[in-house]
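Q: Take a look at the letters that make up each chain.
Number of protein chains: 2
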Amino acid sequence: MALNRSTIAALVGELEALGATEQVAPEAGRRSAGRPSPVVRADSAGPYVVAADVGVGRIRAARILLGGEVAARATARVPDRPDPVETAAVLAGLVEELTASAPPRATLVGVGVGVPGVIAKTGGVVRVAPNLDWRDVAFSELVAAHLDPSVPVLLDNDANLGALAEHLRGVGVGVDDLVYVIGLVGVGAGFIVGGAPLLGAGGYAGEIGHMRYRPDGEACHCGNRGCWETEVGAVAIARAIGAPAEQVSHLDEVLDDFDRAPEALREIGRHIGVGLASAVNLFNPRLVVLGGYLRSLYRLVGDDVDTALEERALRAPSQTVTVSLPGLGDDSVLLGAAEMAFAPVLADPVTVLSGADEVRA
Amino acid sequence: MALNRSTIAALVGELEALGATEQVAPEAGRRSAGRPSPVVRADSAGPYVVAADVGVGRIRAARILLGGEVAARATARVPDRPDPVETAAVLAGLVEELTASAPPRATLVGVGVGVPGVIAKTGGVVRVAPNLDWRDVAFSELVAAHLDPSVPVLLDNDANLGALAEHLRGVGVGVDDLVYVIGLVGVGAGFIVGGAPLLGAGGYAGEIGHMRYRPDGEACHCGNRGCWETEVGAVAIARAIGAPAEQVSHLDEVLDDFDRAPEALREIGRHIGVGLASAVNLFNPRLVVLGGYLRSLYRLVGDDVDTALEERALRAPSQTVTVSLPGLGDDSVLLGAAEMAFAPVLADPVTVLSGADEVRA
Chain H
271 MALNRSTIAA
281 LVGELEALGA
291 TEQVAPEAGR
301 RSAGRPSPVV
311 RADSAGPYVV
321 AADVGVGRIR
331 AARILLGGEV
341 AARATARVPD
351 RPDPVETAAV
361 LAGLVEELTA
371 SAPPRATLVG
381 VGVGVPGVIA
391 KTGGVVRVAP
401 NLDWRDVAFS
411 ELVAAHLDPS
421 VPVLLDNDAN
431 LGALAEHLRG
441 VGVGVDDLVY
451 VIGLVGVGAG
461 FIVGGAPLLG
471 AGGYAGEIGH
481 MRYRPDGEAC
491 HCGNRGCWET
501 EVGAVAIARA
511 IGAPAEQVSH
521 LDEVLDDFDR
531 APEALREIGR
541 HIGVGLASAV
551 NLFNPRLVVL
561 GGYLRSLYRL
571 VGDDVDTALE
581 ERALRAPSQT
591 VTVSLPGLGD
601 DSVLLGAAEM
611 AFAPVLADPV
621 TVLSGADEVR
631 A
Chain S
271 MALNRSTIAA
281 LVGELEALGA
291 TEQVAPEAGR
301 RSAGRPSPVV
311 RADSAGPYVV
321 AADVGVGRIR
331 AARILLGGEV
341 AARATARVPD
351 RPDPVETAAV
361 LAGLVEELTA
371 SAPPRATLVG
381 VGVGVPGVIA
391 KTGGVVRVAP
401 NLDWRDVAFS
411 ELVAAHLDPS
421 VPVLLDNDAN
431 LGALAEHLRG
441 VGVGVDDLVY
451 VIGLVGVGAG
461 FIVGGAPLLG
471 AGGYAGEIGH
481 MRYRPDGEAC
491 HCGNRGCWET
501 EVGAVAIARA
511 IGAPAEQVSH
521 LDEVLDDFDR
531 APEALREIGR
541 HIGVGLASAV
551 NLFNPRLVVL
561 GGYLRSLYRL
571 VGDDVDTALE
581 ERALRAPSQT
591 VTVSLPGLGD
601 DSVLLGAAEM
611 AFAPVLADPV
621 TVLSGADEVR
631 A
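Quick mapping for you: the protein sequence lines, in order, are chains H and S.
One rule links them: number in this note's numbering = place in the first sequence (from 1) + 270.
One rule links them: number in this note's numbering = place in the second sequence (from 1) + 270.
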């Protein structure tokens, strides 16, 4: 985190005094030179956040401690094109369920939510989430209306949160330039550039699914033609494998049943590599992380993706880029949402945590 | 520059003591409330840099003072596919010419060079410059070999430098998210994201000309097919207007002779807008600045560019983006190269300038 020893010591001291963490002796089996450093561990009865990953057809949520430890999970089904007000109520129900099962002394310090859509940098508004059929939805407010007013509800694009989590705790630790690409129904991306999240002027950056890929291509739900998403999105994949339309929202499970890829799927793998080459030429990342159904797909057609990317990207950036599965499995978005919700606590632990008893939902 | 008053005062004091700047009374015609602030002006006999913009067929160079004032200019012709060693000698000749005409007390503190190619973040190596036909050329070293060893020679991609200059002194002052797109023979881009230059892991970011635009498109010099550059690059434009191949390297002048755009040029304007829409969806910039021959082209087909961009970009980012001509005219790259060369001086004026008498070339 680019902090020096004394800053870390002061922060650890503050967090411990506030009951957020405890220091324990390192494991006996670990040997290293010098005095062993104490291990700081989140106190399971300390502050926590609830993180939620709003997908198509379901919301996954978890109670998460400082440091990213998942203490409890809860899931709810929602309709494929859910009403925002009802979705907010369902999500708030998951927050309550996870809060009710927490240790008595533990305190909720924030709620972080990932949504597959274009999210404004300020104000927690979903500008557009095509796969949910939402437009200009003040989703933070809708969720917060069900909770104690002092609990902040923070919102971001799911791929941005996936990128953040993979950078902080996953396969991208120590990697300052990476892209996390998520296939859900559409395809989105979050970028870490020079060690910081890429937001863009309004927070809308990362819409990789809407790179122009084929000028005369198929109509895209965004109103245009030939977006990359029309070639490598869930609808195109379902068609390639002859899967019925209702499987589009859980394509990852469908793909996990394949032993080997039919030719039509390998063709999609090549289109994934060619599209990634555009992003590699533009961003020169060290790492490309594939999440959502792209995880399942990459297991089947990874060679096709890698070969097309290497052939189609410029030599200099292609020599140093690696394509990888997420280090956090299916939890990247959830853990990124937790990091976002903890950020105000880490920025100012005393103010947030000393008032924390009053912020129980 | 995000510095407070006392830091600025200290820096100004240091620079003045070292003969780099002088404070003068504000112009009589300017009226504002309160005590008039003294105006700090670069001392024309103070430290300077030589900036160079290596293009196809010519090198433009200038002696530039702190603050971006151009004190003198010099230009040299080079072959269209120039030998790197000879090009370095020509460039060093321009440095000598500009140094010879400087006031006796003035000191050269650095040389900054912009090259249309993929430049490594460290070491001053051109990995590939397709329009110069260079590959893995240690161009900084080649230039530095002709100069006093204590004069640093810094190198960057021309579009990166254009973006930097437009952000610091041009149409992008105060704009933290912008892209500067330059049409030379190929098409490149430099990005400012969150107020800082986008470099990528190795310094290779910004290769917008090699976004995949048409999978079955024309062969590109990069070895692939259907790159955006094959649709909107100088070769495509020359073909559209029936210009002979030898005009490709000075297409800006050719385009400036047109009063109105033929349909084939308007079609290219639309392809520019559609390609920019991909970049806008990925980066969500506030500003797109068009440099090189795209300046001349935008004057002719600006409406076609704007309309296609607005239609093809997602609503949220397209509502807040503006396409603009450069604020620095044809000098963006040159002034960016000067900023790069001055950066070590501004970071540590005392060390650099107190030894400056010895670094005359």
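I should point out that these hints are in silico values taken from the structure, not numbers from a laboratory.
Careful: at least some of the hints might be erroneous.
Ranges between beta-carbon positions, derived for each pair [said to hold, decoys possible]:
(1) H/Ala513 with S/Asp353: 42 to 50 angstroms
(2) S/Ala489 with H/Glu533: 24 to 32 angstroms
(3) S/Arg530 with H/Pro349: 49 to 57 angstroms
(4) H/Pro614 with S/Glu580: 35 to 43 angstroms
(5) H/Glu580 with S/Ala489: 54 to 62 angstroms
To give a feel for the contact side, a few chain H residues facing chain S, derived at Cβ under 8 angstroms [as the list claims (entries may be wrong)]:
(6) Ala346
(7) Val348
(8) Gly465
(9) Glu609
Note that CB positions come from ideal geometry on N, CA and C, so glycine has one too.
Q: Determine for every hint whether it applies to the structure shown.
A: Right, here's what the structure says about each hint:
1. The given range of 42 to 50 angstroms is broken by alanine 513 of chain H and aspartate 353 of chain S, whose C-beta atoms sit roughly 58 angstroms from each other.
2. In this structure the hint that alanine 489 of chain S and glutamate 533 of chain H lie 24 to 32 angstroms apart at CB holds, the actual value being about 26 angstroms.
3. Separated by about 54 angstroms at the C-beta atoms, arginine 530 of chain S and proline 349 of chain H satisfy the suggested range of 49 to 57 angstroms.
4. Evaluation of the 35 to 43 angstroms hint for proline 614 of chain H and glutamate 580 of chain S yields a pass: the beta carbon distance comes to about 37 angstroms.
5. Look at glutamate 580 of chain H against alanine 489 of chain S: about 18 angstroms separates their beta carbons, and that is not inside 54 to 62 angstroms.
6. Contact between alanine 346 of chain H and chain S, as hinted, is not supported at the beta carbon level, the nearest pair being about 28 angstroms apart and thus beyond 8 angstroms.
7. Given hint, valine 348 of chain H at the interface with chain S, is violated; its Cβ is 24 angstroms from that chain's nearest Cβ, farther than 8 angstroms.
8. A cut of 8 angstroms between beta carbons decides the hint on glycine 465 of chain H: the least distance to chain S is about 10 angstroms, and the hint is violated.
9. Checking glutamate 609 of chain H against chain S by beta carbon gives a least distance of about 18 angstroms; that is not within 8 angstroms, so the hint is violated.
Comparing the model with each numbered hint stated earlier shows that hints 1, 5, 6, 7, 8 and 9 do not hold.
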